Amino acid sequence: MVLRRVVPHALLLAYVAVVLFPFVFVLFSSLKGSNVEIAADPFGIPKTWHLENYAEAWVKAKIGVYFFNSVYLSFTSALAAALLSAATAFAIVRMRFPRAGRWIYQTVLIGMFIPGNVLFIAQYLLVMNLGVLNTHWALFLPYTAGALPLGVLLLTAFMKSLPGELEEAAIMDGLSSAGLFAKIVLPLTLPALVTVFIVNFLGAWNEYLLANFFISKDALRTLPTGMVGFRDAFQTNYALICTGIVYSVAPVLVLYAFLQKQIIEGMTVGSVKG
Amino acid sequence: MKHPMRNPWIYTLFTVPTLILYGMFFLWPMLSSAYYAFTDWNGLENYRFVGWSNFAAAFGDPDFRRAIVNNLIFIGFSVFVQIPLIVLCALLIASVKRLRGFYKTTVFVPSIVSTSVIGILWGFIYEPEVGPLNRLLALFGAGPVYWLAEPEGALPAVLITNAWQWMGFYIVLVLAAILAIPRELHEAAVVDGANGWQRALQITVPLIRPLISVVVMLSIAGGMRVVDIVLVMTKGGPVGATEVMASYMVNEAMGINPNYGFGTAIALIIFAFALLLTSLYQLTFGRRMEGGQF
Numbered sequence: 001m002v003l004r005r006v007v008p009h010a011l012l013l014a015y016v017a018v019v020l021f022p023f024v025f026v027l028f029s030s031l032k033g034s035n036v037e038i039a040a041d042p043f044g045i046p047k048t049w050h051l052e053n054y055a056e057a058w059v060k061a062k063i064g065v066y067f068f069n070s071v072y073l074s075f076t077s078a079l080a081a082a083l084l085s086a087a088t089a090f091a092i093v094r095m096r097f098p099r100a101g102r103w104i105y106q107t108v109l110i111g112m113f114i115p116g117n118v119l120f121i122a123q124y125l126l127v128m129n130l131g132v133l134n135t136h137w138a139l140f141l142p143y144t145a146g147a148l149p150l151g152v153l154l155l156t157a158f159m160k161s162l163p164g165e166l167e168e169a170a171i172m173d174g175l176s177s178a179g180l181f182a183k184i185v186l187p188l189t190l191p192a193l194v195t196v197f198i199v200n201f202l203g204a205w206n207e208y209l210l211a212n213f214f215i216s217k218d219a220l221r222t223l224p225t226g227m228v229g230f231r232d233a234f235q236t237n238y239a240l241i242c243t244g245i246v247y248s249v250a251p252v253l254v255l256y257a258f259l260q261k262q263i264i265e266g267m268t269v270g271s272v273k274g
Numbered sequence: 001m002k003h004p005m006r007n008p009w010i011y012t013l014f015t016v017p018t019l020i021l022y023g024m025f026f027l028w029p030m031l032s033s034a035y036y037a038f039t040d041w042n043g044l045e046n047y048r049f050v051g052w053s054n055f056a057a058a059f060g061d062p063d064f065r066r067a068i069v070n071n072l073i074f075i076g077f078s079v080f081v082q083i084p085l086i087v088l089c090a091l092l093i094a095s096v097k098r099l100r101g102f103y104k105t106t107v108f109v110p111s112i113v114s115t116s117v118i119g120i121l122w123g124f125i126y127e128p129e130v131g132p133l134n135r136l137l138a139l140f141g142a143g144p145v146y147w148l149a150e151p152e153g154a155l156p157a158v159l160i161t162n163a164w165q166w167m168g169f170y171i172v173l174v175l176a177a178i179l180a181i182p183r184e185l186h187e188a189a190v191v192d193g194a195n196g197w198q199r200a201l202q203i204t205v206p207l208i209r210p211l212i213s214v215v216v217m218l219s220i221a222g223g224m225r226v227v228d229i230v231l232v233m234t235k236g237g238p239v240g241a242t243e244v245m246a247s248y249m250v251n252e253a254m255g256i257n258p259n260y261g262f263g264t265a266i267a268l269i270i271f272a273f274a275l276l277l278t279s280l281y282q283l284t285f286g287r288r289m290e291g292g293q294f
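For the record, the sequence lines run as chains A and B. Be aware that the first sequence starts at 1, since it is given in this note's numbering, and climbs by one per residue. Be aware that the second sequence starts at 1, since it is given in this note's numbering, and climbs by one per residue.
Chain B with its partners taken away, still in its complex shape (with noise of 0.2 Å):
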């Protein structure tokens, strides 16, 4: 008799749905990206190749040339500013006993809201006539600034805000990695009387090195991702001053005139920025980080 574990009709059953909607909405799109990248359709039946034409336009285009400017400063923001915070208030909480369970509840909370209501809740924020962000500027008698229609102004805002929608989220994956350090090693380091700040930049923050590896490389990957929080707030304006890489994309390719052959290349292009980004982050920083339990 044949193994029940053996039985290729289960198999079959069992794999071919998954490999076929993956092939369908994974392995299709890269190959058919792949394709018309290099021609000009725009959704109607004739089109024609056009070589290296999209990727030349994308790259001679200064708006194009700027989302990649903004995505490095998205990139930028949260490796120096956004995660040397996360490693504070990890630190912090993890040193505390009382409330650290509410801590880490509350500050996981925006990571679960969907990421345009978070758009339109910060774009009430920052309204320039009744947002509280001006009204307590008024206070101090600064203001109105019109955070979100200035070319200054926009780029902070929603920075800012994507901050505030990441970092709790970080904060907790750091405060586990701190938490599963063994108690030993500080007891061993109280002995040889460190104090508490010594104690976490030669102890606790070595040790969780791995972890604020795998961090960078998640925002550098959440860096070149960013667009919902773009579209919602201000959808690449005012003239351009937070269009990010897949906002361009998107308003190219979708817009009145749709133009896919284009929008694919831009697609392309994301990609190939992405596995630089983390290759090159891999061979110089990231490969002295490894080797960690995670």
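Isolated chain A, as found in the complex (with noise of 0.2 Å):
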């Protein structure tokens, strides 16, 4: 009996280390002095902390414009994707046009079963005609459009299941419709807008293919291909490299310990919808 209950917990924290183990192996390496010392001892704590390390990485890899990069973009695009779908989601859902409202709404998502990748050059092609190839605008539109599908079918979704008797009680108080939307809504679509904010923002943030093809010039590069073109300057500085994976990690992470439940929920819900 006690077998039975010892072997679940042995497999799974087996799982578990093997899940652990390339993070805590790169936090270990970024401490180290040298590639030396990495090899002779892969597995094991560093002997003196290099701390030195991260202030070199941070100034070398310009980890910090890159970082910043990703935050404002991650932010904008992921803030201006909920607040449209919100709002189309309103139109659809609330506002007496039943018709243009299916409509609108079956266009949209069959933005959902277009895989990203097919879409690339295409857009490629359309922001270099906009004028835009190099530029923050470049990843700003794509990652806002592309996160409109999912952000409409969730936010009809939620705003469906909210009463209808609001709604007539704020008209009969003269409310408009935008400002039935923008007072009562809105705040009440909050836990909804929080997961689409959530997964809009880990999508732009994670995001590679277009970072890498639409924006070349450094100083405007974001964390995910800022860190590939720092591995490919540093190949063989494995402290500094660790270090620089240590930076764009952290962040996602500490994010993660706050809103794991609205992440996890956010990341799934979305997934199984599409």
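Hint data in this document are derived by calculation from the structure and do not stem from the laboratory. Don't take every hint at face value.
[Stated by the list, open to error] Below 16 Å or equal to it, Euclidean Cα-Cα: the simulated EDC-like pairs (lysine to aspartate or glutamate) are:
#1 B/LYS235 to A/ASP232
#2 A/LYS60 to A/GLU37
#3 A/LYS62 to A/ASP232
#4 B/LYS104 to A/GLU265
#5 B/LYS235 to B/ASP63
#6 A/LYS60 to A/ASP218
All values derive from a computational prediction rather than experimental measurement.
Given two chains presented individually in distinct reference frames, assemble the corresponding complex, making use of the accompanying hints.
Below, the structure is given as structure tokens:
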């Protein structure tokens, strides 16, 4: 009987070890002095902590720049997509244009069935023709647009579940439809909005393909592409590369520590609905 | 007085920005892909229509055929190796009370980290001289294996990295479905004398079939979409060993001699494959599993 209790935990802890090992390894390596030290004892705790790696990577890798670019691009595009989806969902669900609403909903949902990389080259040409290649617009616009189908899907479902009486009461009080949206529906939709925002934010934060080909100026790069450039430039300095990895992973892990419920819910709900 | 919810100006204001962005970045690219795919446009002004020759050229290229096979290997690996492990892990997590939250939170972590960082991180683990994997093998007197530099080693290395990144996500998905099963069903089975394994295989797994079906669909879609991890870890090399359709497309279309006509033709092929595989699955195995809560 003891065995029956222990075996599941043993197997699960082994899996957890496989999941966590790369992170721990990178953290330890980032504090080691040289490749020799990493190679001699790849699994060990560093003997002396070489914290200067962190200062060096921050300056040499321009991680501060990439970091800022990633934060503000992810934040603005996630926010824009969440608000646009909310407005559209409100119009579809609450406003009295049923035929147009159905039509818009169906059209936007088609987007859920198109794999992202299928649109990649055509989007590149579009961004080039718009003249915004190599500016942050080249990422802001497709990130925002790319998040719309899921946002509209989730927020329409959520707004359908809000009671209709609220609307009647608010209109009696003389609110316009825009006022109703801003003052009543938006605050009530906040939980779903947070979920949509988080999914959008993580999507933009981690995006690599567009970021790699639509931006070639180093100062405009985001963390995923900046990190790859950093790795290619410092091929042989493993401690420094590991430091860069720690910098780019740590904020996501901190965010996860606080918002794990919303993050897990948002990511899994999104995928199943899609 | 007109009802405020019938105000066409507000309606326009609320829907048109979304429709414009969506039209620009989804519908227009789809249409223009369907147009350019039949041209030999390389980014300069003049181009001509070349009929189906881009498609013929793609399927005539052994590198592209290899990329198709590699996409199928990605799908096969996730369906036949990862999914059984995912279901097993989810069953194990559901079977314990203590530490359940810890397991769930921990296994999910890799799926929030960016693919490019994971590619860099694992590239380091596979590093031939100082990487921990080869150091571990050296303890048993094996190696060194040049994982990402040898055609035989590169594809398994990328497959395992990809599995490491996404398994936890699906475990959490399956776990939620398992935990949603009404407790009474299990209690009835216990009364009937079924042991843990019998209950798992005869009650839990059949009940979560609709969700497993969703996971299979997502794996097919994911296997068609895979590209970031390949570009970051191997760029499709060595000698095309890890090339997938999307990396082939990117390398052909965005290289030194860009060929957008050819690239968009590849994009349409990827799209057609994704539709074909998902509808094939739906028509054969998927339908039997439909009808659940998801």
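How the hints compare with the structure:
1. Distance hint between B/LYS235 and A/ASP232 is fulfilled; the C-alpha atoms sit about 12 Å from each other, no more than 16 Å.
2. Proximity of A/LYS60 to A/GLU37 is assessed by CA-CA distance (about 22 Å); at most 16 Å being required, the pair is judged violated.
3. Between the alpha carbons of A/LYS62 and A/ASP232 the distance comes to roughly 14 Å, so the proposed pair stays at or under 16 Å and holds.
4. For a cut-off of 16 Å, the pair hint linking B/LYS104 to A/GLU265 stands: about 12 Å separates their Cα positions.
5. In summary, the hint linking B/LYS235 to B/ASP63 is supported, as the alpha carbons are separated by about 14 Å, within the 16 Å threshold.
6. Our distance criterion of 16 Å between C-alpha atoms is met by A/LYS60 and A/ASP218, whose separation comes to about 12 Å.
Hint compliance for this structure: hint 2 is the single one not met.
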